[in-house]
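Q: Given the coordinates of chain A, assemble chain B onto it according to the supplied hints.
Top to bottom, those sequences are chains A and B. Each step along the first sequence adds one to the number in our numbering, with nothing skipped, and position 45 is 45. Each step along the second sequence adds one to the number in our numbering, with nothing skipped, and position 285 is 285.
Calculated directly from the structure, the hints in this document are not laboratory data. All C-beta atoms in this analysis are idealised placements derived from N, C-alpha and C, irrespective of residue type, glycine included. Be careful, since some hints might not be right.
[Stated by the list, open to error] With the Cβ distance kept under 8 Å, some of the chain A side facing chain B (calculated, not the full set):
1) Arg12
2) Arg104
3) Gly105
4) Leu109
5) Leu265
[Claimed, not checked] Selected chain A positions facing chain B (in silico; Cβ < 10 Å):
6) Arg11
7) Arg39
8) Asp103
9) Ser112
10) Thr113
11) Arg114
12) Ile115
13) Asp116
14) Arg158
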Amino acid sequence: MSWIVLRLELRRSRSLVLWTAVVVAAYGAFIAGFYPIIRDNTKLLDDYMKVFPKALLAGFGMEGSLSDHGVFFNTYFSSMLWPVVAAMVGAILGTRTVAADLDRGFVELPLSTRIDRVRYLAASIWGQLVALAIVALAAIAGTLAVGAIVGAGFDAGRFLLVVPLLIGFGCAISAVAMLLSVVTLNRGISAGIVAGGLILMYLLDIVSKLAPDLAWLGTVSAFHYLGTIAAIDEGIVPLEGMAVFAAVAVIAWTASLWGFRRRDLVA
Amino acid sequence: MLAIECRGLTRWYGRRRGISDVTLEVGEGEVFGFLGPNGAGKTTTIRMLMGFLRPTSGSATVFGRDCWRDAATAHRDVAYVASEPGYLGNLPAADQLDYLARLRGLERRAWRPLAERLELDPTVQIRRLSRGNRQKVGVIAVFMGTERLLIMDEPTSGLDPVMQREFLTLVAEARAAGRTIFLSSHNLPEVERGCDRVGIVREGRLVDVTSVPELLASHWRAVNLVLNTLPTAAAFDLPNVRILSVDGRVVHLMVQGEINPLLRRLAELDIRDVSIATPDIEDVFLGFYTETPELAMSAGATR
Chain A
1 MSWIVLRLEL RRSRSLVLWT AVVVAAYGAF IAGFYPIIRD NTKLLDDYMK
51 VFPKALLAGF GMEGSLSDHG VFFNTYFSSM LWPVVAAMVG AILGTRTVAA
101 DLDRGFVELP LSTRIDRVRY LAASIWGQLV ALAIVALAAI AGTLAVGAIV
151 GAGFDAGRFL LVVPLLIGFG CAISAVAMLL SVVTLNRGIS AGIVAGGLIL
201 MYLLDIVSKL APDLAWLGTV SAFHYLGTIA AIDEGIVPLE GMAVFAAVAV
251 IAWTASLWGF RRRDLVA
Chain B
1 MLAIECRGLT RWYGRRRGIS DVTLEVGEGE VFGFLGPNGA GKTTTIRMLM
51 GFLRPTSGSA TVFGRDCWRD AATAHRDVAY VASEPGYLGN LPAADQLDYL
101 ARLRGLERRA WRPLAERLEL DPTVQIRRLS RGNRQKVGVI AVFMGTERLL
151 IMDEPTSGLD PVMQREFLTL VAEARAAGRT IFLSSHNLPE VERGCDRVGI
201 VREGRLVDVT SVPELLASHW RAVNLVLNTL PTAAAFDLPN VRILSVDGRV
251 VHLMVQGEIN PLLRRLAELD IRDVSIATPD IEDVFLGFYT ETPELAMSAG
301 ATR
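Here chain A stands alone, though its shape is the one from the complex (with noise of 0.2 Å):
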């Protein structure tokens, strides 16, 4: 790893980061404001809830009551703007070290010199790192910070719980994303192909959790392992989605690190 080339992605990537720490963190304060709404009406939205069908619910991530704080959180966050902004971020970040510093020539430049290749893209790696764990906490923090002003009583050691799960799922988009780029070395294809396989894994997780003779279909799909009510709701450490998504975003980095040395540089 090169601290030469970490400076320089995550100077590249400071507008990025910015913008996306600043909406994902007013995002995060947003819902935190209207929470003691949801909390002060719990029953009348539960009974508002029974009108529609169980599993639907649970489809978008409404898995018990709006006032818990981990269905809350999981409602309004983890399931929906995270996905969204873990997506942009990560396909960004993963596609442009290879295929889109390639196709602007860029890349010729610091393999030009004495960096090798595996040095140069693992910085690019932490890069990516880096940067997905500070919109990450960007999120907690809006979320906690006014969630502590309304008075809404958010636990926040529970919260940074999840901070390593919402970062896995960052990394494993970004490391897929970095390697279809090493290997289409196009950076379209490849934001293309995990957009496409991400919106393809959400509707898997719904059908999963609709029809239970399907349910088998949600293991196969990211959503699945993304779920953050039992870490804010109960304290538990979920070790099953981080290990999941640690163990995509490592498989896909190496094997990016493995096939970048390997690879002609044509754009």
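A: Chain B only, in chain A's frame:
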């Protein structure tokens, strides 16, 4: 030790030819020009020398190190500039050059004397620079270090004549310092003035490698005569002379190589006017891309 050594270097892009069976040696301290039209395979060759592309067959080494397998190690001795370097548009030239300097183990601001010499404002973002100024960034980047080999892919395209001359001065200084230069160029006078030897690549094959003076000497010169009397049929009957046209007392000849035999014949004639056009490298270059070299020379002689 050879700075560059290619043995049967071949690269195919699927069914499309890149280069084929290029065998080439560039000695240390030499300035080597690499000439060819667009699509001839110059950039493909350079990309293999830089380890960006894997050869389909054959090998390329830089100071004895394999360009593909030991690319990063080989790059310790190499500075490189692409024909259109993909700088990050948002970065000022200074930051871009600092980044490259640090990756190459140089001091930050190692580029500053060259930036002043080439009159580049380093505070301007790359995307706001003109094409010529962006090209200056590449020239500065390649010359700012102390690497033993400089590989340049059309580094002067976009530079104004003053800067092109400054570039040739930099080349001369680098040569004087014992550095080796591999220069791909379309700028033929630049190659003629700056290089010790040239390699000419055509349709992916290296068709000639020779010194610039030898290259010029082995090709055709145009000799145009206006005589006071009509010439005899055998007046120009020499093995290295071709008669292009005889129109009364106006004669157009082509001579290849040694010119003294023809001059001795001309001394016997009553000549009103004579002109001998020495080929510049452009004529020679064009000669490789036409079926009859003398036609290319003939065209050059009338310019």
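Q: Give a verdict on every hint.
A: Against the structure, the hints:
1. Interface restraint check: Arg12 (chain A) against chain B, minimum CB-CB distance 7 Å, threshold 8 Å, status holds.
2. With its C-beta approaching chain B no nearer than about 4 Å, Arg104 (chain A) sits inside the 8 Å limit, and its interface hint holds.
3. Interface hint at Gly105 (chain A): satisfied, since its Cβ lies 3 Å from the closest Cβ of chain B, which is below the 8 Å cut-off.
4. Here the hint on Leu109 (chain A) is kept, as its CB sits about 6 Å from the closest CB of chain B, short of 8 Å.
5. Contact between Leu265 (chain A) and chain B, as hinted, is supported at the beta carbon level, the nearest pair being about 4 Å apart and thus within 8 Å.
6. Among the interface hints, the one on Arg11 (chain A) holds; its C-beta lies about 8 Å from the nearest C-beta in chain B, closer than the 10 Å criterion.
7. For Arg39 (chain A), the shortest C-beta to C-beta distance to chain B is roughly 45 Å, which exceeds 10 Å, and the interface hint is violated.
8. Interface hint at Asp103 (chain A): satisfied, since its Cβ lies 8 Å from the closest Cβ of chain B, which is below the 10 Å cut-off.
9. Because the smallest distance between the Cβ of Ser112 (chain A) and any Cβ of chain B comes to about 4 Å, under 10 Å, the interface hint for this residue holds.
10. The restraint placing Thr113 (chain A) at the interface with chain B holds, with a minimum CB-CB distance near 4 Å, inside the 10 Å limit.
11. Look at Arg114 (chain A): its Cβ gets to within about 5 Å of chain B, closer than 10 Å, so that hint holds up.
12. Taking 10 Å as the C-beta cut-off, the interface hint given for Ile115 (chain A) holds, the closest approach to chain B being about 6 Å.
13. Taking 10 Å as the C-beta contact cut-off toward chain B, the hint placing Asp116 (chain A) at the interface holds, the least distance being around 4 Å.
14. Hint status for Arg158 (chain A): violated, given a least beta-carbon distance of 40 Å to chain B, over 10 Å.
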